[in-house]
Every structure is written in C-alpha cells, then in structure tokens.
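2 protein chains.
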Amino acid sequence: MAIQQKLSLMIPGPTPVPEKVLEALARHPIGHRSKDFQDLVEITTKNLKWLHQTENDVLTITGSGTAAMEAGIISTLSKGDKVICGENGKFGQRWVKVAKEFGLEVIKIDAEWGTPLNPDNFKKILEKDHKKEIKAVILTHSETSTGVINDLKMISSHIRNHNKALSIIDCVTSLGACNVPIDEWELDIVASGSQKGYMIPPGLSFVSVSKKAWQASEKSNLPKFYLNLQSYKKSLSSNSNPYTPAVNLVFALDESLKMMKDEGLVKIFQRHQRHKLAVSEAAKTLNLKLFADEKNLSPSVTAIQTGEIDAENFRKIIKNKYDILLAGGQDHLKGKIFRVGHLGYVNDRDIISVIAAIGNTLVEQNKISTERVGEALKIASYHLKVS
Amino acid sequence: MAIQQKLSLMIPGPTPVPEKVLEALARHPIGHRSKDFQDLVEITTKNLKWLHQTENDVLTITGSGTAAMEAGIISTLSKGDKVICGENGKFGQRWVKVAKEFGLEVIKIDAEWGTPLNPDNFKKILEKDHKKEIKAVILTHSETSTGVINDLKMISSHIRNHNKALSIIDCVTSLGACNVPIDEWELDIVASGSQKGYMIPPGLSFVSVSKKAWQASEKSNLPKFYLNLQSYKKSLSSNSNPYTPAVNLVFALDESLKMMKDEGLVKIFQRHQRHKLAVSEAAKTLNLKLFADEKNLSPSVTAIQTGEIDAENFRKIIKNKYDILLAGGQDHLKGKIFRVGHLGYVNDRDIISVIAAIGNTLVEQNKISTERVGEALKIASYHLKVS
Chain S
1 MAIQQKLSLM IPGPTPVPEK VLEALARHPI GHRSKDFQDL VEITTKNLKW
51 LHQTENDVLT ITGSGTAAME AGIISTLSKG DKVICGENGK FGQRWVKVAK
101 EFGLEVIKID AEWGTPLNPD NFKKILEKDH KKEIKAVILT HSETSTGVIN
151 DLKMISSHIR NHNKALSIID CVTSLGACNV PIDEWELDIV ASGSQKGYMI
201 PPGLSFVSVS KKAWQASEKS NLPKFYLNLQ SYKKSLSSNS NPYTPAVNLV
251 FALDESLKMM KDEGLVKIFQ RHQRHKLAVS EAAKTLNLKL FADEKNLSPS
301 VTAIQTGEID AENFRKIIKN KYDILLAGGQ DHLKGKIFRV GHLGYVNDRD
351 IISVIAAIGN TLVEQNKIST ERVGEALKIA SYHLKVS
Chain A
1 MAIQQKLSLM IPGPTPVPEK VLEALARHPI GHRSKDFQDL VEITTKNLKW
51 LHQTENDVLT ITGSGTAAME AGIISTLSKG DKVICGENGK FGQRWVKVAK
101 EFGLEVIKID AEWGTPLNPD NFKKILEKDH KKEIKAVILT HSETSTGVIN
151 DLKMISSHIR NHNKALSIID CVTSLGACNV PIDEWELDIV ASGSQKGYMI
201 PPGLSFVSVS KKAWQASEKS NLPKFYLNLQ SYKKSLSSNS NPYTPAVNLV
251 FALDESLKMM KDEGLVKIFQ RHQRHKLAVS EAAKTLNLKL FADEKNLSPS
301 VTAIQTGEID AENFRKIIKN KYDILLAGGQ DHLKGKIFRV GHLGYVNDRD
351 IISVIAAIGN TLVEQNKIST ERVGEALKIA SYHLKVS
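Those protein sequence lines, which keep their order, are chains S and A. The letter at position 219 of the first sequence is residue 219 when you use the numbering used here, and the numbering goes up by one with no holes. The letter at position 291 of the second sequence is residue 291 when you use the numbering used here, and the numbering goes up by one with no holes.
Simulated from the structure, these hints should not be mistaken for lab results. The reader is advised that the hints may include incorrect statements.
Pairs involving identical chains hold if they fit within one copy or between any two copies, as the list cannot separate such chains.
[As the list claims (entries may be wrong)] Computed list of lysine-lysine pairs in PhoX-like fashion (alpha-carbon distance at most 25 Å, straight line): (1) K336 x K35; (2) K100 x K219; (3) K212 x K258; (4) K97 x K219; (5) K46 x K289; (6) K90 x K131; (7) K46 x K164; (8) K79 x K164; (9) K97 x K79; (10) K316 x K367; (11) K316 x K108; (12) K267 x K321; (13) K123 x K321; (14) K35 x K321; (15) K79 x K153; (16) K90 x K35.
All chains, full assembly: derive it from the sequences and hints.
So this is what it looks like as structure tokens:
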C-alpha cells in the first residue's frame, strides 16, 4: 500500500515526524480529566510559552490552523468592527472570508501573490485612524501559498503605534521556523498548527493571547462555542481542556517540544535559514525562477516557477521516481509552480536529495546540462555549511 | 512516568485502543492533498456509512464531539429559529447553551438527571405546532453524564410526524454501541466522536447529514467557517477536506472501521448489551444503587451511586490499587457517583476485573461480605454468556 512507502514529505505540512514523536503518538491514551493528563498540559503549556517567546497564555485547540485563526478573530471582535486584512496569498484571502462571514468591516491591504505586503500601507491607514475605529489587523506572516514572508516586525510596530488595534497573526508556517518574538513585538493573537514547525502530525493548533486581547474578548459579541478562547483559558487555569482534546497528539507535542528545547531556538532558526538559502540558490542555478520576491523568502517553503513545464506533471515524476512529495500551486498557480517545504524535522540530506531529484529530472527533460546539477549541489552545500 | 502504566480505561472516553490501531496511528504522515490520502478518505467514508447504517453523507471533522454537534446546529439553523432541546444531563445542558449562544429560541424539555426524557412531551409540543415554527429537535441519545439512554426511536417518530423539524442528535456514546439505524429512523443530523465506540483516540468527530438537513443548510444564516458543514460536503465530493485533517487519526480510523466490520454490527451491539447487564446487575448485587433509571440504561456507561462513601476517594483507590480508571460524577454529582465505561474495545475480562476490583474495595471498607463479591461475579458471568 502506497501509504507505507518510504515517502519524504517536502510539503509545507504535514511535515516529517521524528520516530520518537511517532512512538509517543502510539501510546495508549489516558483520561483527559486525569492528574496524569493535567501534568502533561502543565509541561506542554510551559514549553509552548518558551517556543512562543511569550508570557502570554498559549492555548491548545483540537483543530487545524484555520480553527485557531478563526478562534482568535471571533473571540476578540464584535459585529461591525472595522479590521484591516493583509492579503497576498491564499491564506490572507481566507482571513478576509472569515472576517466577512462574521460581519466585520474589512479594509483590505493587498499585494500581488509572490510579493510582500507593504508595511507603509498599514502605517498610512493606521495613522489616519484618529477615532481609533480599527479594532484589529489580521495578516499572515509566512504565506504558505506563495513562499513569501511578510515584514511582521515592521507592520507590528505600526500596529503598536496605533495603540488600539489588536494584531491577529497567522504564524502557521513561521512559528518554530524563524524568529517570532511575541512579547518583544507585542503581538496579541498568534495562531499556529501542529503539522508545521512543531514536527507532529496535524490535529492540534495553538493560539497565544495577550492581556490586551483578553480585555477585548470580554466585550466580544460574535457567537461562538467550540472556538471560544475564554473557555480554553478558564480550563487552562486547572491545566485542563473545555472539550475532549486529541490526547495522543498531546503526547507527541510533549516529545517534540522537548526535542526543540534540546536543539534551541537559535539553532532551529539557523537551520531553516540555511535550508531556505540552499533550496532557493540551487533552484536559480538550475535555471528555475523563484516565485516569491527574493528579499522576502519564507523560511519554510520555497515556491518555484516551472515556466513551460507543467508543474503538476513534474511533481508526479519527483514523487514516483524519488518518493519525494512536493506541493503544487494553489488556485491560479496550479500547474505553474511547485513548492518545496523545508519546515520542521528536515535535515541537510533532505535538502540535497530534493535538489538532486529536481536537477536530474530537468536533465532528463533536456532542460539543463548535468554541469548545472553539479553546480546547484555545490552552491547548496555551501549554504548548508554551519558557520 | 504514570502515563506509561498498564492502565485500563473504563471511562466513557477516551476508550481503550487496539494495538493494531495504535500502530496505524504511528505511521509517518502523508500529504492530505495526495491521491493516497484521497483513497483513504474514500474507504473510511464508505465504512462510516456502513457504521451509521445510512446513505446520508457522513463527514469527518478534526475536533471533539462538541464541535460536531455545534457544526450540525449552526450549519442548518438560522437566527431566531425555534428549537426543542431535550435536557436530562450535562450534555443536554450543553446543547441548550450552544443553541442560545447562536440566538435560537429554545423550548426546553427536561427530566431529572438519571431519568429519561419523556417522548410524550415531545409529541405534545410538536403536535401543537400547527404553524410548523419548530425548526429542530436537539437531544442526546446516551447521556454520558448519567448513564441514561433516551428513547430516540420513539422521539424520532414524533419528529417525523411533525414533518418539518430536523432531528439533531448527539449519539456520541451510542453510535457503535447500540442500534442507531439512521435511515430507518430518518435522523437528520447525528454527531459522534472518535474516542468512543470507534476505538480510536480523541481528535476526530463525525456528522451524518440527511438531504433534508442539506436543504435547510442552504438557508442557514448563522455565521460559521471552520464548522460549516457545507465546506466539508464540497471537499468530500473529491474525497478531500476543507482544512488540514488529523491525518494520523484517519489512518487509525481506517484500521478500527475494518475491525468493526469484521466483528459486525449485531455482535458489537450484543457485546455492549452483555457488558451493560453484567456491570449493572453485579453492581446491584454489591449493594450499590444504580443512578439511572433501570429501564433506560446506556449501553456504554453505568453510573453507580456510592451513598455514604465518597465516590472520588473510591475511584482513587481503584486506580491506585488496580490500575483501572473510572469516571467521576460531573457537577452536582461529583463525589456521589462513579461511572464505569464499557464502551468500545472492551472484553469480558475488563468487565470481570472491574467488578472484582469494586467488590474487593467494598469488602475492605467493611461494606459488604466476601460472599457478595462472589455472587456479583457469578451474576456478571451469567450475563456475559453469549447466547
């Protein structure tokens, strides 16, 4: 059966899972109202705060990253609230949809897919809002659909200057891959998902919530139940959950957070940085064009244009021949790009393999010389070097 | 560490998980947009329909049973809609809260905790509703908090006679434990959860949706995104998911559904029936009183009164001495009852062990004679016999 193959996941989630974490996942479940589980919630919450670089509450929800973002939005805002939504990819688009569904008034700041959001556009609108009518700024840090990272540091400084609006940030493919210092940048709501930098399978998502966001939540009037963050906060005070959580995924989370602590944040971020550079520089050497603006490449996923080659067919060859799963383009980008995930439990060998596989496939299609492949691997190897 | 102990879960969820299912859980994840995963969704959906005894759509959500019930309610109803909520325990209470949170007008039909809802009360109100203003009847089939099973067959017949109202039923601890013939009883929305009769860890929940419910969903105006069943339906048409699902739990689901098919529905239901009788009759023989009305005992959980004994302390002894986890009473029942789960992957040995453990503890507390324990085991053994 195909799912038993030795498949290498190089998509931006689910990401590869360490054996140790899979073993934890396979333990017999325990009662979610037991002392043993409370102890586990206490430890994982403490380690989640470490990973989030924050003193804010970090809540764990059974659901996808979308559930976490929706929870952040509907738990803090009220009907008719004015919000800014940054949109330069599929996920930015999704938060606009969520905001509109719940009756928020959306001011959209957009940019072409593949280019970053311009922080000045946020600055201008926020500075003009003398009446402080804007209640939140919602945006995606690392746009998984395009491989672009937005300048959250700069945008969040403009939000801080506004002083009233909450920041509600999708850090699904940035948290645990690059620096997101939540307290330093004073981010109010940060959402992320287990199948990304966390190195565990999908099913859990995380939301960090600032004091300012909790204050806003007291007044929030949007209807909600399962995704009401107040319920999670209340339960967390006794290291519990409002509804039955995915117990076995919490076993896995505990194990993966320990691995992350052992590696350390700086080393994790450097590893992702090296992998990003290796993949993007190698791709260029293979005569491929990057889809995202080069100054704003995501640490976790690189989108590569295939020009006249059908990207879907290219992905299929890479999967069938090398057992490497790449991601395709979404919506209008389908067939035009493929995306290489280098997020989470990825080592240098994974990076070297995917470059060799892509290079070799291009050689077999008579697109480049073998010389190019050798060059690409040499350049990748240079960037993989630990300084 | 305590979570590595040889603990026997006799709570109404999480329930014990077969080794085969745990092994499936520990596989390396695959891409949720891959053909391999689509194949898995196709198979599990087909087998879910078998388990649900229905031709209706059966959708899989990453979330708890509460998420599934909320999804059913908010995906089919509109603000101000009049609904009947049956309430005779903690879960019935919860659906009243959800309905009110979303601005529905709730007509409550209640019964004392421990007694079943009276079907005649539903009949009366539904028959009087000549203007067909009642849009749904929401209730819990097996009340996990009290061990009572409500007469869903009779109540659903009254809903059918009304002809307009949808039935939205929490079958979290009845589906896969006793007969819930969805098509025969024409149930519109049936919600259930993975950590129950399904024999897999928590994290997935299921909703079956009738054509009539889909028609209602077209007009539903309650705000929703992650829990909008329409999105799940749309994705399911290509064996996919709207948001990243808990991939590894789907591996587990596939395995457990195969085991259930091997055993067969009738045998599964008979096994639960035998275990229910063995536990309840043995408890009485041990001079303990059942909390629930005897004619309406849930197939999956038996609530037992402890009289002058503190139930929490009693549970603690059973856990520490015998590694058997029992559930406590919820809310006002805390300390007054304990609950024995006999749901999912439970065999006769589990039943015999829990009776022996309870009996022996009562003997050590000088509450009963050793003779009683022997009698209780004999009676249990009689009811465990396969006829």
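For each hint, the structure was consulted:
1. K336 x K35: Between copies only: 20 Å across chains, 52 Å inside a chain, cut-off 25 Å.
2. K100 x K219: Answer is both; intra-copy 19 Å and inter-copy 18 Å each pass.
3. K212 x K258: neither (30 Å within a copy, 49 Å between copies)
4. K97 x K219: both (22 Å within a copy, 19 Å between copies)
5. K46 x K289: neither (42 Å within a copy, 43 Å between copies)
6. K90 x K131: This pair counts as neither: shortest intra-copy Cα distance 31 Å, inter-copy 45 Å.
7. K46 x K164: neither (29 Å within a copy, 51 Å between copies)
8. K79 x K164: within (17 Å within a copy, 31 Å between copies)
9. K97 x K79: both (14 Å within a copy, 20 Å between copies)
10. K316 x K367: within (17 Å within a copy, 70 Å between copies)
11. K316 x K108: neither (36 Å within a copy, 56 Å between copies)
12. K267 x K321: Neither. Shortest intra-copy (32 Å) and inter-copy (46 Å) distances fail the 25 Å Cα cut-off.
13. K123 x K321: neither (49 Å within a copy, 64 Å between copies)
14. K35 x K321: between (49 Å within a copy, 16 Å between copies)
15. K79 x K153: neither (29 Å within a copy, 41 Å between copies)
16. K90 x K35: Intra 41 Å, inter 22 Å, cutoff 25 Å: inter-copy only.
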